[in-house]
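Enquirer: Modelling step: build the complete structure from the supplied sequences, incorporating the hints.
Protein chains: 2
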Amino acid sequence: MICNNSDIQNKIIDGRLIARNIESSISEKVIKLKQSGIVPAIAVILVGEDPASVVYVRNKERAAQRCGILSKKDIYPESLTEKELINKIEELNNDPLIHGILVQLPLPSHIGEKKITEAINPSKDVDGFHPLNVGKIFTENAPFYPCTPYGILKMLDYYDIPVKGKNCVIIGQSNIVGKPLAVMLMNRLAAVSSLNIFTKDVKSIASKADVLISATGKAHLIDDGYVKDGAVVIDVGIANIGGKICGDVNFDKVINKVSKITPVPGGVGPLTVAVLMENTVKSAMGRLQK
Amino acid sequence: MICNNSDIQNKIIDGRLIARNIESSISEKVIKLKQSGIVPAIAVILVGEDPASVVYVRNKERAAQRCGILSKKDIYPESLTEKELINKIEELNNDPLIHGILVQLPLPSHIGEKKITEAINPSKDVDGFHPLNVGKIFTENAPFYPCTPYGILKMLDYYDIPVKGKNCVIIGQSNIVGKPLAVMLMNRLAAVSSLNIFTKDVKSIASKADVLISATGKAHLIDDGYVKDGAVVIDVGIANIGGKICGDVNFDKVINKVSKITPVPGGVGPLTVAVLMENTVKSAMGRLQK
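Top to bottom, those sequences are chains B and Z. In terms of the numbering used here, the first sequence is residues 1 to 290. In terms of the numbering used here, the second sequence is residues 1 to 290.
In case anyone wonders, no lab produced these hints; they're calculated from the structure.
Any copy, or any two copies together, can satisfy a pair, since identical chains are not distinguished.
Taking lysine-lysine and the DSS-like style, the derived pairs with C-alpha atoms no more than 25 angstroms apart in a straight line are:
id: 1; residue 1: LYS203; residue 2: LYS164
id: 2; residue 1: LYS164; residue 2: LYS114
id: 3; residue 1: LYS218; residue 2: LYS164
id: 4; residue 1: LYS228; residue 2: LYS203
id: 5; residue 1: LYS154; residue 2: LYS11
id: 6; residue 1: LYS257; residue 2: LYS154
Expert: What follows is the structure, encoded as structure tokens:
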């Protein structure tokens, strides 16, 4: 049976809508903070001119503007040394007017990502990548959770999709999406399977998932053979095919099987940015309490 | 076909043997450290008189003795307050003659485990439970990895059992075994499924595992229905049935199917203790480099 248009609409997880809701609640908090004399501010550091990074940074700046958050962008040439970058981060760590620090990844290869991530003060680590904050994911007391996995949980919550006892399958084991999301779903008592490019029977494992999350960046990897009837499908992938943005999931091939699905664009992406703003305001509110 | 006795012996992962090997390499390092005037020392704190904890602490003391590591045991009454315990930990943090600090868990309910774990200086956190060290599991630069999961990896290495591309299933999602082990197996590019008591089809998922790790504490949960032919089975469980120590796995029922299996006792337990000693010596060697 082919779904009709309104069936399809009901299946689509509207990432932009959820993000707008989050941003509207953030904006109210920002107004209150400003009344107390605190202007929430995020510093975004971009090293080099990676085109995708330029777009991501622009999206983050625009979201900050919408929320009333001050966004301070520092762009450095590709030739910036690791030591120079660490010095810049130290300045921001010590700047009481900055509440969140984001270094856009990837960095040029002469700069060590681990060192940079660990240089950011954990209390300003709004990306949630500092190991101290990553470790606190296990004990569920992180001040900031990494934006993409946390955005995915917010989507599930928005549509009342419980994961306790459910079978969740994550394709992709990156440090910023796949691994932390796996732990965050374990915290919610899901059965979690984490797969990678060396896994032999991805299709067979994926096709048993109640919730399937794909974060590989391989365009249209996931077709109907990977999807169980009634599954929720979350597409974290982003690729550019002939100037058209698409995700890991072949939307048209799976739409008849899924109960819910995120589109690309307009799915996970806006949530990632909204959570970043939420983390920044959370950090600024911590300042209020001091 | 019933295995004969020598078949069975060849299948058994001899945790005590591997632990002895590790301890013998530790002992050599301890001798060198002592020649440089450093006596590696671990402080073990026990609050209350939980019988299992008393046994665990005794095992750790004996291992320290075998390796030539100084073990300083502090036993406090159940009535010790959280603040008092934190003060004791602070003293040990500041004591240059102490290289490792271990607070035996579980703690009495009036003491917050998270707070205590975070009070230990990460550079002396030989249990590998401090969130900073847990977070560094993701980026594979932790100074100390949690002892039980790391001991399991050492077992796999000892018998040349690769996990890259293999299907690893972990039953149990605790913060000290199941969750960190899941991430450590992802680091090795395994497909990892993490299950819990709310998972509906544990048996069906487990029976597809190349490596099955059970860490539930439910005696004899795992019978032949849970095990694929040729699987490696690691039993982290420990229970006491009628005065007899047994694990999660019904050894007699699965022995014909497995290619390798850990016994209980004599499997994972000795490795956990040996890794703790290794972590302590690693910490002391760091002192040497300063």
